[in-house]
Amino acid sequence: MAKLGPAGYSPYPVAMYEGVLTPPPGKALLFNEIVDEEIAMREAAKAMLTRENPTIFPGPQVLYAWNEEAKEKAKLVRKIAETLGAKIIPMYDYRPKYPKIDPEKEINPNHPNLTIWHNNIKACIFVGVHCHYANVALKIIRAETDCFTIALCGNSGHEDAMITLRDQHTEELEKFIRVAEEVKRELGK
Amino acid sequence: MQKTEQVQYNRAGQRVVSPDYLLFEAPREKQFMTGSEVVKEAVKRASVDASVSYPITPQSEAAHLIGELWVEGYVGVYFRGESEFGVMSEVAGCSMAGARTITTTSGPGTLRAMENFPMWAGSRLPIQLVLMARGVNAPLTIQPDNLEISFLLDTGCMIWHAETAQELFDMILAGFVVAEQPDVHVPIITAIDGFFISHTREAVMLPPDDIALPPYNPYKSPMVPLDMEMAPGRFLRDPYVMKSNYISYAAHTSWQFEVRAAIERSRPYAKHYLRGLIEEFGDPEADIVFVASGTAAAQAKEATLMLLHDEGIKARVVRIKTIRPFPTQELIEALRGAKYVFVPEFNVIGWLEREVRRALYGNLDVPVIGSPRVAGGMTMPPEFIVKEILQFLGKEVKHVV
Chain A
1 MAKLGPAGYS
11 PYPVAMYEGV
21 LTPPPGKALL
31 FNEIVDEEIA
41 MREAAKAMLT
51 RENPTIFPGP
61 QVLYAWNEEA
71 KEKAKLVRKI
81 AETLGAKIIP
91 MYDYRPKYPK
101 IDPEKEINPN
111 HPNLTIWHNN
121 IKACIFVGVH
131 CHYANVALKI
141 IRAETDCFTI
151 ALCGNSGHED
161 AMITLRDQHT
171 EELEKFIRVA
181 EEVKRELGK
Chain B
1 MQKTEQVQYN
11 RAGQRVVSPD
21 YLLFEAPREK
31 QFMTGSEVVK
41 EAVKRASVDA
51 SVSYPITPQS
61 EAAHLIGELW
71 VEGYVGVYFR
81 GESEFGVMSE
91 VAGCSMAGAR
101 TITTTSGPGT
111 LRAMENFPMW
121 AGSRLPIQLV
131 LMARGVNAPL
141 TIQPDNLEIS
151 FLLDTGCMIW
161 HAETAQELFD
171 MILAGFVVAE
181 QPDVHVPIIT
191 AIDGFFISHT
201 REAVMLPPDD
211 IALPPYNPYK
221 SPMVPLDMEM
231 APGRFLRDPY
241 VMKSNYISYA
251 AHTSWQFEVR
261 AAIERSRPYA
271 KHYLRGLIEE
281 FGDPEADIVF
291 VASGTAAAQA
301 KEATLMLLHD
311 EGIKARVVRI
321 KTIRPFPTQE
331 LIEALRGAKY
341 VFVPEFNVIG
351 WLEREVRRAL
361 YGNLDVPVIG
371 SPRVAGGMTM
381 PPEFIVKEIL
391 QFLGKEVKHV
401 V
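From first to last, the protein sequence lines are chains A and B. Here the numbering used here is used: the first residue of the first sequence is 1, the next is one more, and so on. Here the numbering used here is used: the first residue of the second sequence is 1, the next is one more, and so on.
Excised from the complex, chain B in its bound form (with noise of 0.2 Å):
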């Protein structure tokens, strides 16, 4: 007998596709965009019910792009909040309801928001905050640097690191998909370098557009809808965990390390959409590695070929994709054989130079330079890389700025 098989569509009439065949077997074309247009691709593709915008730059044409899906019948609820503070609490509250939602924001605006983070994770909603990072110092900067994902690393989200607007694509999508597995089902931060991404045009490989995700299936959250009757959550006003101080303490305990168990729990999912949370790039015998992540790392390949092409010295990236959960035991793997760790950054405090030294204290026994670092705009291009090494390494500098 004929097997027959039922085609399902969402509510923008689009066939729902499973995750793989979306990510890594539609058919894909070339289109030239920039990132902030690659997010719209991404939400129209990823049966969203509800975003909320507000605006701050780099993110703002984002956030008006999601709006336009809104009109044409993508996603099912847009507006705009009062501020970021009541863009995350709003989203939050899409996300109780049962919806997918999505929003983006930058620097100051995460900054703003921030209480709500923590909130998120705790309430385990799976929303994806597109994250397009700039500075959050005094005097004012709306230029690149990734400060803010500093201030992130330890809410309960999951962050990835694009380097590209490709890379910025299929992790949205991944993102939902990962975030809304029921023992994972905490927040994801798909974070960027802003502008570099977000404002320049590069060639990307999209699948068509008639084609989408799965919707969201709240009932296969951890914590039940009914939980979410009054916001911010009944569990929110249970007097045993918030007024006892006797006996609250196991429960606020318990409950805020599962909620860094489930990001630990989403390791086998993100390896598997993102083909790993780390790549390696260059000679893999060569004994200087940069370990880095989005726009950073992009700059370390393409220094890792100069450094070979104009000096004959091998050097290689491993490539950070994922910094919550951090790929600690693909790292220490990826460095065995490394005679010098470099770590090049877009922000003045080297917070992945941190995590690197962590991941690798009594572990790996191996220098760890946080160099080179530029932040508040400055750019990064591989010339500024290489002479750092040549000096490093006791090298002439010949051509190099």
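Pulled out of the complex, with its shape left as it was, chain A reads as follows (with noise of 0.2 Å):
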């Protein structure tokens, strides 16, 4: 990711496009940088505490009990969320919804932009969404808002995010809770 939406519509965003390549493994992305996983984990956190309506968006992959993994995920998702005092807006699926989306409650991948700017979300987690709706959601919030968007990935991460964190499983949520923790003493919240 080059820059903080909205970028508009011509040239669309993608982060590919404009030379940026997912992290390599053990790293992280901070905009168009490849950084130090606890760098990308900071300034991730900063983020979310420091900017508007932050909201943590998970999807099916945490918010199912597909596996113990999962399970695990989904509690610290809740805690990633207590210690950053964000929102929690579901992705519980991709199927169509009837009679309309409700953006108050939900997030659709096709139309991320109603629920931001519905709910005026400055920064914002993906966290268990399946990476190609995360990769849609993402280029659409670029086009369309100023979110601040943060991918929390367990496979490779996601460019069009403004910070991508790879290979994120409990482990490394654990790490993100304990630095959360620190900058947010830091900042005096």
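None of these hints come from the bench; they were simulated from the model. Be aware that a few hints might be false.
To be verified - Simulated crosslink set (DSBU-like; lysine-lysine; CA at most 30 Å straight-line): (1) A:K27 / A:K97; (2) B:K220 / A:K105; (3) A:K122 / A:K189; (4) A:K105 / A:K175; (5) A:K97 / B:K271; (6) B:K271 / B:K314; (7) A:K97 / A:K189; (8) B:K314 / A:K71; (9) B:K220 / A:K175; (10) A:K97 / A:K46; (11) A:K79 / B:K314; (12) B:K314 / A:K27; (13) A:K3 / B:K314; (14) A:K87 / B:K220; (15) A:K105 / A:K27; (16) A:K27 / B:K271; (17) A:K46 / A:K122; (18) B:K220 / A:K75; (19) A:K3 / A:K79.
Said to hold, decoys possible - Sample of chain A residues lacking proximity to chain B, with all beta carbon distances greater than 12 Å (derived): (20) L4; (21) F31; (22) V35; (23) E43; (24) E68; (25) K79; (26) T83; (27) P90; (28) N110; (29) H132; (30) E144; (31) H158; (32) R166; (33) E182; (34) G188.
Unchecked claim - Partial list, derived from the structure: chain B residues whose beta carbon lies under 10 Å from chain A: (35) F79; (36) Q166; (37) K220; (38) S221; (39) A250; (40) S254.
Heads up, the beta-carbon is just placed ideally off N, CA and C, and yes, glycines get one too.
Grab the two chains, each in its own frame, and use the hints to assemble them into the complex.
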């Protein structure tokens, strides 16, 4: 990710076309810079603690008890929300919604801007969202909003987020909570 | 304490090994095979779950040999589709259901099935299509010609172009591995020039057939299987995606860009498993350069040797292995210092010449000559290439045809 949105539609914001690649294993991406994981975690916590209406968008991979790791991660996501004082708006599945999407209660990957506009969200975390939908939603968010996006990804990360942390499993999420608590103390919050 | 290693077996009872071991480390034995037979050997070692076939020359034999693998228990599901359109739709269903899927087609079959290829890509299905290219024009020809590849360039599928049966074998195995990476996860088309590769016999080095790729894990898919409950996918039934003229544009734009971004993400994986996106052949100092892919590259290599030995002219070949993603940076670097770039091709339109021109535009100022070019079943003997070069350079054409 090169810049904070709204980037507009032409050219459509696609980090890969701006030469931004996902970070190598063990590293993170902060805008278009490859940095140590801890630096990215600190900046992510700072964005969530200082921008308006911070919100976590948890996806199916942490909302349903697929396996033990999913259950553990769900508890940790809740703890992250408490630490950062963030709201939780789920992306609980990717199915069509009838008769309409309620943007206050859920976020739809094809129209994430509706939820962000409606709730005036200036910083958010994607966690447990399947990669395709995270990538689609993150591009739309950067096109249409000024929301600061953070991805906590279990795979190789999302270059369209402003901060992307890859290979985030229970141990890494616990580390993020520790870093967030530290940043919170430093900010006097 | 001694560490115990867990040995895993696939449905056929083959030992599961890492892709790196299968492709680079396992001992190999020499065989003498056609390209079609090599497809069978690759599929045999690829832990394939499903394959659907439909006969069309020149891929019919490869499709039938995959059927033999089903009889032998190496492939989970195998059947004949109603047409190529049916086949490409049915393999989509198999892949949506979480199966590692492969099929083969050629020429008019590719065009008949065309609507499905962007659908595969948009649905993020890592299906492998082995494309044995042939002519697609009227009057009907079954002869070698790779015009059909140009129609596939912007479907959202990765496209690799093999030069030899050996490379086809390795690309089929590597193709699954790269296409199934969670951050890539788009279809892979492994193309060859029909007849030249499918029907001719050459030496190939094969690893043992009691080892195979790890099975596909659909739970790593970037698009969750629950989204695929209703063919062609629940996501297509979202009224906010399909119907609204006011809010659907962003979804469609982002979705299409994401598919193409996924192809770009395949670069590092392809670079590793294919040992680079290009191959350089000949004298690195030579300022006459052939940029080619597939069989045209093989012919250009022979022409390069003839030019050196018979005429004392130094030339080199930059062979493009991956058409999508296109190796733009690698090509620019490889062509620094070139005086003339020739693009020999087996089609009338020169789709590779277009790609080369686009990659070089604004990056490197070198004349690109779309020649020699043959089509409709013509062969491209190296003497023919040599003649073109000699004529271009204003030299005397002596012994060549």
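Hint check:
1. A:K27 / A:K97: The hint is violated at about 37 Å.
2. B:K220 / A:K105: Within the cut-off at roughly 27 Å; holds.
3. A:K122 / A:K189: holds (18 Å)
4. A:K105 / A:K175: Holds - the C-alpha atoms of A:K175 and A:K105 are around 29 Å apart, at most 30 Å.
5. A:K97 / B:K271: Distance ~41 Å between A:K97 and B:K271 Cα, so the pair is violated.
6. B:K271 / B:K314: Holds, at roughly 28 Å.
7. A:K97 / A:K189: violated (38 Å)
8. B:K314 / A:K71: Distance ~65 Å between B:K314 and A:K71 Cα, so the pair is violated.
9. B:K220 / A:K175: holds (24 Å)
10. A:K97 / A:K46: At roughly 34 Å apart (the allowed maximum being 30 Å), A:K46 and A:K97 break the hint.
11. A:K79 / B:K314: violated (67 Å)
12. B:K314 / A:K27: violated (45 Å)
13. A:K3 / B:K314: With Cα atoms ~48 Å apart, A:K3 and B:K314 exceed 30 Å; violated.
14. A:K87 / B:K220: holds (28 Å)
15. A:K105 / A:K27: With Cα atoms ~33 Å apart, A:K105 and A:K27 exceed 30 Å; violated.
16. A:K27 / B:K271: Distance of about 21 Å is within 30 Å: holds.
17. A:K46 / A:K122: holds (12 Å)
18. B:K220 / A:K75: holds (22 Å)
19. A:K3 / A:K79: holds (29 Å)
20. L4: Given a closest Cβ separation of 17 Å, the condition holds.
21. F31: holds (17 Å)
22. V35: holds (19 Å)
23. E43: holds (22 Å)
24. E68: Non-interface label stands for A:E68: nearest chain B Cβ at 14 Å, farther than 12 Å.
25. K79: holds (25 Å)
26. T83: holds (28 Å)
27. P90: holds (15 Å)
28. N110: With a cut-off of 12 Å, A:N110 comes too close to chain B, as the shortest Cβ separation is near 4 Å.
29. H132: Given that some Cβ of chain B is not farther than 12 Å from that of A:H132, nearest at about 4 Å, it is violated.
30. E144: violated (7 Å)
31. H158: violated (9 Å)
32. R166: It is violated; A:R166 is separated from chain B by about 10 Å at its closest Cβ, not greater than 12 Å.
33. E182: Nearest chain B Cβ is 31 Å from A:E182, so the label holds.
34. G188: holds (39 Å)
35. F79: This interface hint is violated because 29 Å lies over the 10 Å limit.
36. Q166: Because about 30 Å separates B:Q166 from the closest Cβ in chain A, which is outside the 10 Å limit, the hint is violated.
37. K220: Cβ of B:K220 sits 7 Å from chain A, so the hint holds.
38. S221: holds (7 Å)
39. A250: With a minimum Cβ separation of about 5 Å from chain A (threshold 10 Å), the hint on B:A250 holds.
40. S254: Holds, about 4 Å.
The structure shown violates the earlier hints numbered 1, 5, 7, 8, 10, 11, 12, 13, 15, 28, 29, 30, 31, 32, 35 and 36.
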